[in-house]
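Which chain is which? The protein sequence lines are C and E, in order.
Heads up: the first sequence is residues 37 to 151, going by the working numbering.
Heads up: the second sequence is residues -5 to 108, going by the working numbering.
Worth flagging that the hints you see were computed from the coordinates, not collected in a lab.
A hint or two may mislead.
[Unchecked claim] With a cut-off of at most 25 Å between alpha-carbon atoms, the simulated DSS-like pairs for lysine-lysine come out as follows:
1) Lys78/C - Lys71/E
2) Lys62/E - Lys78/C
3) Lys54/E - Lys107/E
4) Lys54/E - Lys71/E
5) Lys93/C - Lys78/C
6) Lys119/C - Lys78/C
[What the hints assert, rightly or not] Computed far set for chain C versus chain E, every beta-carbon distance over 10 Å:
7) Pro44
8) Gln53
9) Val55
10) His65
11) Asp107
12) Gln140
13) Ile150
Glycine included, each C-beta is placed from N, C-alpha and C at the ideal position.
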Amino acid sequence: EPEVTQTPSHQVTQMGQEVILRCVPISNHLYFYWYRQILGQKVEFLVSFYNNEISEKSEIFDDQFSVERPDGSNFTLKIRSTKLEDSAMYFCASTYREGGNQPQHFGDGTRLSIL
Amino acid sequence: GNSVTQMEGPVTLSEEAFLTINCTYTATGYPSLFWYVQYPGEGLQLLLKATKADDKGSNKGFEATYRKETTSFHLEKGSVQVSDSAVYFCALSDLGTGGFKTIFGAGTRLFVKA
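Isolated chain E (complex conformation):
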């Protein structure tokens, strides 16, 4: 079945450092891809999405490009802030027998130090 694999955390960075969180997927067809973020004590918020190959999703300085050839959707940010500390989930939209559902990676915890 379809699945998402993302790099294990935690990732610890200093403020203004460059961030990459790797994500690869296994899927039949071409699913939409998402990054969700979970801040401490909160729910899952959509950070960005890409719906087809070579699409770039971006939001709040974060970017990810849908790479069909490498089945990847790596999350990047040029300069992280303390407020970016959270858990980041890569996800894809999976078409099952009863319609679409979201399949999540394991999550990567990011700590940003001042």
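Just chain C, same shape as in the assembly:
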């Protein structure tokens, strides 16, 4: 079964540095998402992306965050100047078409640790 793949599995970064988390959604999917899960807390929506633009973003997704689909396969999340509170597991997700009954397919996540 096709999978969403995320790299790296674990990223350790100094506070203030930029970090890019990478995702390869399922190849025929059109809608892409980022979520995060701070340790011990619930999974929170960050941003959705379709047709090369952001569809919706949450309050968490401030000016430090950006997303990009640089080519036909990758979908990236960039954090410009990381803070300690950015430490979390970040999940990428994708769906083929939009609709409330379409479950999102999630990757295994990237654990981001800010020192």
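With chain C held as given, fit chain E onto it using these hints.
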């Protein structure tokens, strides 16, 4: 806004015990409902879903029924195994300004002892 509330864990059961994890939701309209499972060190996997009232989702012995009257989607399994130890997330599909996104409950950790 829409939200999901699920029972706090951890839940500890012996193998072959009956499992119930309660989930209730608050939503305008009738969202689709999901249970996702997160095994240790892994990502989120869809376990089952239900898209309308009275639908029953089922997979791997797990079941959940979409109850509109009680706004609930409780997860059940008749006989748990050690391999079911994981975190279970109840979730709904939320229509926002830019399309659909998933809203998750806090997760319930299940430990199954041999």
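Verification of the supplied hints:
{"no.": "1", "hint": "Lys78/C - Lys71/E", "in the structure": "holds (23 Å)"}
{"no.": "2", "hint": "Lys62/E - Lys78/C", "in the structure": "holds (24 Å)"}
{"no.": "3", "hint": "Lys54/E - Lys107/E", "in the structure": "holds (19 Å)"}
{"no.": "4", "hint": "Lys54/E - Lys71/E", "in the structure": "holds (9 Å)"}
{"no.": "5", "hint": "Lys93/C - Lys78/C", "in the structure": "holds (17 Å)"}
{"no.": "6", "hint": "Lys119/C - Lys78/C", "in the structure": "holds (19 Å)"}
{"no.": "7", "hint": "Pro44", "in the structure": "holds (14 Å)"}
{"no.": "8", "hint": "Gln53", "in the structure": "holds (25 Å)"}
{"no.": "9", "hint": "Val55", "in the structure": "holds (19 Å)"}
{"no.": "10", "hint": "His65", "in the structure": "holds (13 Å)"}
{"no.": "11", "hint": "Asp107", "in the structure": "holds (23 Å)"}
{"no.": "12", "hint": "Gln140", "in the structure": "violated (6 Å)"}
{"no.": "13", "hint": "Ile150", "in the structure": "holds (20 Å)"}
The structure does not agree with numbered hint 12 stated previously, though it agrees with all others.
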